[in-house]
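> We have chain A already, so just place chain B on it with the hints.
For reference, the chains in residue letters:
There are 2 protein chains.
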Amino acid sequence: MPGTLKLDSTAGGNANGAPICKVALLGFGTVGSSVAKILVERRNTHLRLTHILNRNVARKKVDWLPADVVWTENIDDILASGADIVVEVMGGLQPTEDWIRRVLTSHKSVVTANKQLIAHCGPELIALAQQMQQQIEFGASVAGGVPVISGLHQGLAGDELFKIYGILNGTCNYILSQIEANGVPFATALREAQKLGFAEADPTDDIDGLDARAKLTILARVALHCDLPATSIVARSIAPIDAVDFENASQLGCTIRQISRAELKSGKLFAAVEPALVELNSPLARVEGSQNLVMATGLYGGETVFGGHGAGGHPTAVAVVSDILAIIRAEHAPNGEAGRPRHQSPTITSDFVTKHYLRFLVKDRPGIIASLASILAKSEINILSVLQKPNSSKSHLPLLITLEECPTSLVEQALKQINILDFMVQPCLHLPIL
Amino acid sequence: MPGTLKLDSTAGGNANGAPICKVALLGFGTVGSSVAKILVERRNTHLRLTHILNRNVARKKVDWLPADVVWTENIDDILASGADIVVEVMGGLQPTEDWIRRVLTSHKSVVTANKQLIAHCGPELIALAQQMQQQIEFGASVAGGVPVISGLHQGLAGDELFKIYGILNGTCNYILSQIEANGVPFATALREAQKLGFAEADPTDDIDGLDARAKLTILARVALHCDLPATSIVARSIAPIDAVDFENASQLGCTIRQISRAELKSGKLFAAVEPALVELNSPLARVEGSQNLVMATGLYGGETVFGGHGAGGHPTAVAVVSDILAIIRAEHAPNGEAGRPRHQSPTITSDFVTKHYLRFLVKDRPGIIASLASILAKSEINILSVLQKPNSSKSHLPLLITLEECPTSLVEQALKQINILDFMVQPCLHLPIL
Numbered sequence: 001m002p003g004t005l006k007l008d009s010t011a012g013g014n015a016n017g018a019p020i021c022k023v024a025l026l027g028f029g030t031v032g033s034s035v036a037k038i039l040v041e042r043r044n045t046h047l048r049l050t051h052i053l054n055r056n057v058a059r060k061k062v063d064w065l066p067a068d069v070v071w072t073e074n075i076d077d078i079l080a081s082g083a084d085i086v087v088e089v090m091g092g093l094q095p096t097e098d099w100i101r102r103v104l105t106s107h108k109s110v111v112t113a114n115k116q117l118i119a120h121c122g123p124e125l126i127a128l129a130q131q132m133q134q135q136i137e138f139g140a141s142v143a144g145g146v147p148v149i150s151g152l153h154q155g156l157a158g159d160e161l162f163k164i165y166g167i168l169n170g171t172c173n174y175i176l177s178q179i180e181a182n183g184v185p186f187a188t189a190l191r192e193a194q195k196l197g198f199a200e201a202d203p204t205d206d207i208d209g210l211d212a213r214a215k216l217t218i219l220a221r222v223a224l225h226c227d228l229p230a231t232s233i234v235a236r237s238i239a240p241i242d243a244v245d246f247e248n249a250s251q252l253g254c255t256i257r258q259i260s261r262a263e264l265k266s267g268k269l270f271a272a273v274e275p276a277l278v279e280l281n282s283p284l285a286r287v288e289g290s291q292n293l294v295m296a297t298g299l300y301g302g303e304t305v306f307g308g309h310g311a312g313g314h315p316t317a318v319a320v321v322s323d324i325l326a327i328i329r330a331e332h333a334p335n336g337e338a339g340r341p342r343h344q345s346p347t348i349t350s351d352f353v354t355k356h357y358l359r360f361l362v363k364d365r366p367g368i369i370a371s372l373a374s375i376l377a378k379s380e381i382n383i384l385s386v387l388q389k390p391n392s393s394k395s396h397l398p399l400l401i402t403l404e405e406c407p408t409s410l411v412e413q414a415l416k417q418i419n420i421l422d423f424m425v426q427p428c429l430h431l432p433i434l
Numbered sequence: 001m002p003g004t005l006k007l008d009s010t011a012g013g014n015a016n017g018a019p020i021c022k023v024a025l026l027g028f029g030t031v032g033s034s035v036a037k038i039l040v041e042r043r044n045t046h047l048r049l050t051h052i053l054n055r056n057v058a059r060k061k062v063d064w065l066p067a068d069v070v071w072t073e074n075i076d077d078i079l080a081s082g083a084d085i086v087v088e089v090m091g092g093l094q095p096t097e098d099w100i101r102r103v104l105t106s107h108k109s110v111v112t113a114n115k116q117l118i119a120h121c122g123p124e125l126i127a128l129a130q131q132m133q134q135q136i137e138f139g140a141s142v143a144g145g146v147p148v149i150s151g152l153h154q155g156l157a158g159d160e161l162f163k164i165y166g167i168l169n170g171t172c173n174y175i176l177s178q179i180e181a182n183g184v185p186f187a188t189a190l191r192e193a194q195k196l197g198f199a200e201a202d203p204t205d206d207i208d209g210l211d212a213r214a215k216l217t218i219l220a221r222v223a224l225h226c227d228l229p230a231t232s233i234v235a236r237s238i239a240p241i242d243a244v245d246f247e248n249a250s251q252l253g254c255t256i257r258q259i260s261r262a263e264l265k266s267g268k269l270f271a272a273v274e275p276a277l278v279e280l281n282s283p284l285a286r287v288e289g290s291q292n293l294v295m296a297t298g299l300y301g302g303e304t305v306f307g308g309h310g311a312g313g314h315p316t317a318v319a320v321v322s323d324i325l326a327i328i329r330a331e332h333a334p335n336g337e338a339g340r341p342r343h344q345s346p347t348i349t350s351d352f353v354t355k356h357y358l359r360f361l362v363k364d365r366p367g368i369i370a371s372l373a374s375i376l377a378k379s380e381i382n383i384l385s386v387l388q389k390p391n392s393s394k395s396h397l398p399l400l401i402t403l404e405e406c407p408t409s410l411v412e413q414a415l416k417q418i419n420i421l422d423f424m425v426q427p428c429l430h431l432p433i434l
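So the sequence lines, in the order shown, correspond to chains A and B.
Take the first sequence: its position 278, counted from the start at 1, is 278 in the numbering used here, and no numbers get skipped.
Take the second sequence: its position 171, counted from the start at 1, is 171 in the numbering used here, and no numbers get skipped.
Accuracy of the hints is not assured; some may be wrong.
[Stated by the list, open to error] Calculated lysine-lysine pairs in the DSSO-like style (CA-CA distance at most 30 Å, straight line):
no.	chain 1	residue 1	chain 2	residue 2
1	A	K22	A	K60
2	A	K355	A	K378
3	B	K61	B	K37
4	B	K37	A	K163
5	A	K37	B	K268
6	B	K37	A	K265
7	B	K355	B	K163
8	B	K163	A	K37
9	B	K389	B	K378
10	A	K389	A	K416
11	A	K268	B	K37
12	B	K22	B	K61
13	B	K378	B	K355
14	A	K37	B	K265
15	A	K60	A	K37
16	B	K268	B	K416
17	B	K268	B	K355
18	B	K268	B	K378
[Stated by the list, open to error] Footprint (simulated), chain A over chain B, 3 or more residues, beta carbon under 8 Å:
no.	stretch
19	155-161
20	221-232
21	246-253
Everything labelled a hint here was simulated from the structure, so no lab data went into it.
All values derive from a computational prediction rather than experimental measurement.
Backbone N, C-alpha and C define an ideal beta-carbon position, used for all residues, glycine too.
Just chain A, with the same shape it has in the complex (with noise of 0.2 Å):
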C-alpha cells in the first residue's frame, strides 16, 4: 500500500502492541529538548527518538536521553536512517528548506515548527510531501501549544470560515500588558521583556510584526484557502504605542493588543498586524501576558475560539508530539485533499472599514480642531468625538480624536496632508477600532 507510513513491526513494540514508530530530531535548543523530554517520559509511548542533528553535538549531548540515540551534525546520516518522521525545530530558513526537501525525497514524512518556513514555502512543501507520498505537518508553527491548526483544518472543517482573529504574538502581548499595567513608556517595557527572556535582543521580527504576520498567512491558509505571500500582507509596528494610549483607550471603553486579522469580504482578502483597540469584553482584549489567541468565525457556527499557551518550549513540544501521532494516526489520506475547497488568491488589501483611534500632539492656538476637523470632513469622515485633556503643555498638548467607521485608505490620505500642518508636533499615531 504505497504512501502508508511503513513502521517497523519487527522492532519490538510499546505495551500496547503498537509498532514502533522512530522519529528524527533536527535541532536541540528548547523546544527540540522539549521533545525529546516528552518522547522519552511519555507513558505507553510508541514514538522512539533514533537520531538528534545539531551543531557542535559535543556541547550539546545531554545524558537523560538513551545512550542508543544517535548524535550527528551531518543531515546526511538523518537521511540514510531508518527514521519515519523528521521533526524540525532548529528554525531559519536555509539551510532548512533544502533539508525538509531532502528528507521528503527520501521517503520520510516531516513535523515542522518553522511558521517562517511554512509561510514562505509551505504549499510547494505540501506539494512535495503529497508526490512523495509523505505528510508534512506545521501544528507547531502558529500559536505553540494551542491546537488551532487542527482545529481549522479539521474540527471546523464542516464550516466556512471568513474571519480570522487573533492575538499570534507573545512578545508584543507582554510588552502592551506591562505598558497598561505599570503605565511605563514602550522603551522601558521592552528592555524589562528583553531583560526577562519574554524578548529577543533584536526584537524586530515581534515589535514590528513580522513573526505575527508569518503565521497569519498560515493561518489563512488553513481556514481561509487563500494562499498569499507574506509579504503582501501589511505590518505595523507596536513601538509607537505608549502609556497614554492606553489611558485614552481606557476611556473608549477599550484596551490595545496586536491584531493580526484577516478577513474574506467581497471577494477580497482584508488583512493585516498592526496595533489596534479592542473593546474590552471581547476575549481578544483579555489575553494576558505571553498567551496566545485564536478567534474563528464561520458562516454556520458563528465565532469559535481557541486559547493558551503560545510559545515555550513544551507546549510548542505538545503540538509537535501531537503532529507526530497524527501522522501516524492518519496514514495517508488521498481522498482528503481532494475533497477540500480550492485554494484561492484573492486581492489583498488592509483597507479596513472600521472606527479609527487619532493620538495627535499639537502647537496650542486657535484654530487647530477647526483645521483638522475641515480637512477631514473634505474626505467625508465623520467625527466620532474629540478629547482634549486639561492642564497639558501649549507646546506639547495631546488631542485624541475618534472617527466613525470609513475606510482605512481615507483615514491615511487625509493624515498626509494634516502631517504637515505647522501645528503638528509629531506625525499622528492611528490606530483601527475593532
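Relative to the frame of chain A, chain B by itself:
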C-alpha cells in the same frame, strides 16, 4: 484494502474530481435540517445527501432539498441504501442504539450528536465499529460547534492531560447569567429561559446536571482516557442558587457557574457537575449566555481553552459535517488506537479538596456562630470568613461562612450535624469555591 471507505468514483464527482461520498440522515429536526442545509449549500462539495429518515415524512418534507433525496420512515431503507456515512441526529437511547449497531454492521460509518448514547455505550459502539472496520465519530455530542473532541483527541494528543473544567450546558449558563444580571429568583429566570426557548418544558436534565454529566463522561474518556459510567459522576442541581448567592459571590471576587470537572490525581478520578463559585478573572467566569467553554490542562502544555456556541442547529451541524469530513479524510487508522494510552477505570470520587461556600438561613439567637464554629472545629475545618448581613430579618437571618481548603466529604459530614440544629430555617447551601 479492507476498512477503507469505498467512495463511488463512478458516480461522477465534484469540480475537484473527488469521488462522491453519500450521506444518509437519521432525524430531520433542528440539527438534522441544519446538516442538510450545509450539505446542499457547501461549495465544491463531494458530499451528497441521499436519504433522510424521520417519522411522519409527509409532514417533514421541505422543498429546498434536491428532488432525488429519498425520504423514508423505515431504517431498512437506510441499511439497504448505498450511503457511505449515516448521520444520527434523532436522539434518545432506543431504538437509536439498535439502529446504529445495524448501520455499523451493514458496513457504513456513523456520525452522531447523541451525548446520552455515547456516554451510555460509546466504548461498545467504538469496539463494534473497529470490528466492522468502520468509524464512529461524535464530535457534536459535546459543546456543539466547539471542536473540543477533535482538539483533545488530536490537537493535544501529544500532551498528558490530567484536568478538564468546562461549562457544558448552555441552559444552566443562561439561567445563572440572568439571575446574576437581573437579580431575579431562580424560578423567574427559568420561566424566562423557557419562554425564549433556552430551556425545555421539562428542564430536569439541564438543571440537575444530567446533560452536562453525559458530556463530562465523554470528555473524561477522550481527554483523560478514563472509562466510567455517567451515573458514577455526582450531579447537583443549580435550582438552589438565588440572587443572594451572586451578591455573596461578588463580595468574594467570584461569580457562580455550573461547572463540570474531572481531574486525575493520585490514581483517583475526581469528578462532579455542580454549581460552583469561580473567580471573576477565570475564563469560566466570562462565559456568557448559552456559550460553552472547555479548559484542558496538561502536564506539558499547561492550560488550553476552547470556546464557542455549545448548542443550536447550525453550530452542532458544523461539528457533524466536520466529522463526516474527518471520516473521509482519515480512512481507517489501524495504527491509531493501538498507539493510544491504555484506558483506565480508576476509582471515581467527587471528594474534591477546595475552599467552600456555606450559605445559612437561621433564626437569630445568641451563640449561633459559636455552635457552627465548634462543629466545624471538631472536624478540623478552618473558617476563612464569616459574613452576617446587617438589617436582616431576625427569623430569617442570612449568614455566610467560607472555609479554607479541605475535602468536600468533611464539610458534608459536618453539615449533617449542622442541618438538624434548631436554629436552621433550611438546610445549608454548600458550593465549592474554585
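> It remains to establish, for every hint, whether it holds in the given structure.
Each hint tested on the structure:
no., hint, verdict
1, A:K22 to A:K60, "21 Å, holds"
2, A:K355 to A:K378, "18 Å, holds"
3, B:K61 to B:K37, "13 Å, holds"
4, B:K37 to A:K163, "21 Å, holds"
5, A:K37 to B:K268, "25 Å, holds"
6, B:K37 to A:K265, "22 Å, holds"
7, B:K355 to B:K163, "18 Å, holds"
8, B:K163 to A:K37, "21 Å, holds"
9, B:K389 to B:K378, "26 Å, holds"
10, A:K389 to A:K416, "24 Å, holds"
11, A:K268 to B:K37, "26 Å, holds"
12, B:K22 to B:K61, "19 Å, holds"
13, B:K378 to B:K355, "18 Å, holds"
14, A:K37 to B:K265, "22 Å, holds"
15, A:K60 to A:K37, "14 Å, holds"
16, B:K268 to B:K416, "25 Å, holds"
17, B:K268 to B:K355, "20 Å, holds"
18, B:K268 to B:K378, "27 Å, holds"
19, 155-161, "holds (count 6)"
20, 221-232, "violated (count 0)"
21, 246-253, "violated (count 0)"
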